[in-house]
Amino acid sequence: MKKINNSVIALALFIGFANANAQEKRTLTLDEAVQLGIQNSKNLKIDAAKIEEATADLLEAKNRQLPELKVSGSYMYLPLKPNINIKLPGVSGDGGPEVHQVAYGSANLSVPIYSGGRIKYGIESAKYLVEASKLNTENDKVAIAYNVAQAYNNLFKANQSIKVLEENLTASQKRDETFLKMENNGIIARNDRLKANLQTSNIELQLLEAKNNYNIANINMDLLLGIPETTEIEVDENYIEEGEDIKTVDYYINTARENRKDLQSLDKQRQAAALGTKAAKAENLPSIAFTGGYVAADIPKFLTIYNAVNVGVGISYNLSNLWKENSSLKQSRAREMQLSATNELLNDNIKLDVNREYQNTDYSKKRIAVFEKSAEQANENYRITKNKYDNGLATMTELLDADAAQIAANVGVINAKADAALAFRKLLQTTGTLTTK
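Throughout the sequence shown, residue numbering follows mature numbering (1 follows the signal peptide of the UniProt record, and there is no 0), covering -22 to -1, 1 to 415 in sequence.
In case anyone wonders, no lab produced these hints; they're calculated from the structure.
It is possible that some hints are incorrect.
Computed spacing ranges between beta-carbons, pair by pair [as the list claims (entries may be wrong)]:
(1) ASN18 x GLU376: 48 to 54 Å
(2) TYR272 x MET54: 15 to 21 Å
(3) LEU183 x ASN232: 48 to 54 Å
(4) GLU322 x VAL287: 45 to 51 Å
(5) ASN18 x TYR92: 49 to 55 Å
(6) ASN299 x ALA275: 32 to 38 Å
(7) ASN61 x THR269: 50 to 56 Å
(8) GLU76 x ASN299: 49 to 55 Å
(9) ALA312 x PHE280: 58 to 64 Å
(10) ASN304 x ASN325: 28 to 34 Å
(11) LEU56 x ALA274: 38 to 44 Å
(12) LEU58 x LYS308: 17 to 23 Å
Heads up, the beta-carbon is just placed ideally off N, CA and C, and yes, glycines get one too.
Work out the full structure: start from the sequences and follow the hints.
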């Protein structure tokens, strides 16, 4: 009885260990995969940190318009008797009290009134940079959505290739069994049977390669989505039927100009740079501030000061501005020129990208019809060749060639549809309208 219990426990442990190491299967639609990719993207975490940094810069710019209040105090002990010579009328200057300690404190308040616009321009510029950071994040989301779609497409194609090859391998193995019986009955030569076996081996090699490609594509997809690498993803085949009729290329170019987040981000950066130039010009202007202060001091047996309050207006101007060139202004203008040139280049690249992906999408859709026609021809050719072979009118080589052509054509149809779906998504990415939700 004890041996039986031990065996049961061992079996249970083995089953538990096997289940723990088994691959988890998970079915995901393309939209669900995109959401996971965006949710777990490390690039977007970096973007979030950049937004926080830009927001902190905005807070710093806003703080410059707030009052400055500084408080200081000090206490000093004088071990040696200081030499105090008071030269006030009616007061003896020799001798004086013994002073061994001094305590004083002060508070100073400064409220900016006028700074030539430096504070205002700094705040507005920082706001534009925060918006630019957020737009960069949205642009990265669109890029991630396409990268996920590309990985999803690769996984789908690899999986479909496996299905087609497995079906053909089963048919080829059955044919090998039939040919072996025919050889044993003296109907066909051994050489013909070996040719059929070679075809089966070639299909097996193609199947191994397809499974290897699928495993690599699956691991890549897992890492991209931020899920365990042992997860086996099952794709939704319906996504290859998604899409819509292609509009004119001008429509997509205009859509890109309105929706590209990188273009909008660059526009915000240009506005921030223009404000930076205004702030740099303001450095040549004086600053005016309301000032106030309070001073208290206590020197025992000698001097006590309380309620020494002062208010006024302070003005400051850096006279060196009269002979020094404003380097900040030159840097800001150079930045504006750089961003203007970048804007022109980006607009040209958008036109090129949209035109290229428009042509690729149109080409991909046309390829489907060609591959479908080719598949029909290959399937019919195999049927006719098979009938001819059965009636002794075709060779084994012709039959095997027809079978290989049939496999390639059927896989080609699937791949063409998948590539067309991906090409359309790439076109949407170049226009900035690829969905990320």
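Cross-check of the supplied hints:
1. ASN18 x GLU376: 48 to 54 Å: 53 Å, holds
2. TYR272 x MET54: 15 to 21 Å: At roughly 20 Å between Cβ atoms, MET54 and TYR272 fall inside 15 to 21 Å, so the hint holds.
3. LEU183 x ASN232: 48 to 54 Å: 50 Å, holds
4. GLU322 x VAL287: 45 to 51 Å: Taking Cβ atoms as reference, GLU322 and VAL287 lie about 59 Å apart, which means the hint is violated.
5. ASN18 x TYR92: 49 to 55 Å: At 50 Å between Cβs, range holds.
6. ASN299 x ALA275: 32 to 38 Å: 37 Å, holds
7. ASN61 x THR269: 50 to 56 Å: This hint is violated: roughly 35 Å between Cβ atoms.
8. GLU76 x ASN299: 49 to 55 Å: Cβ of GLU76 to Cβ of ASN299: about 51 Å, so the range 49 to 55 Å holds.
9. ALA312 x PHE280: 58 to 64 Å: 60 Å, holds
10. ASN304 x ASN325: 28 to 34 Å: At 31 Å between Cβs, range holds.
11. LEU56 x ALA274: 38 to 44 Å: 19 Å, violated
12. LEU58 x LYS308: 17 to 23 Å: For LEU58 and LYS308 the Cβ distance comes to about 56 Å; the hint is violated.
When the structure is compared with the earlier hints, violations turn up for hints 4, 7, 11, 12 and for no others.
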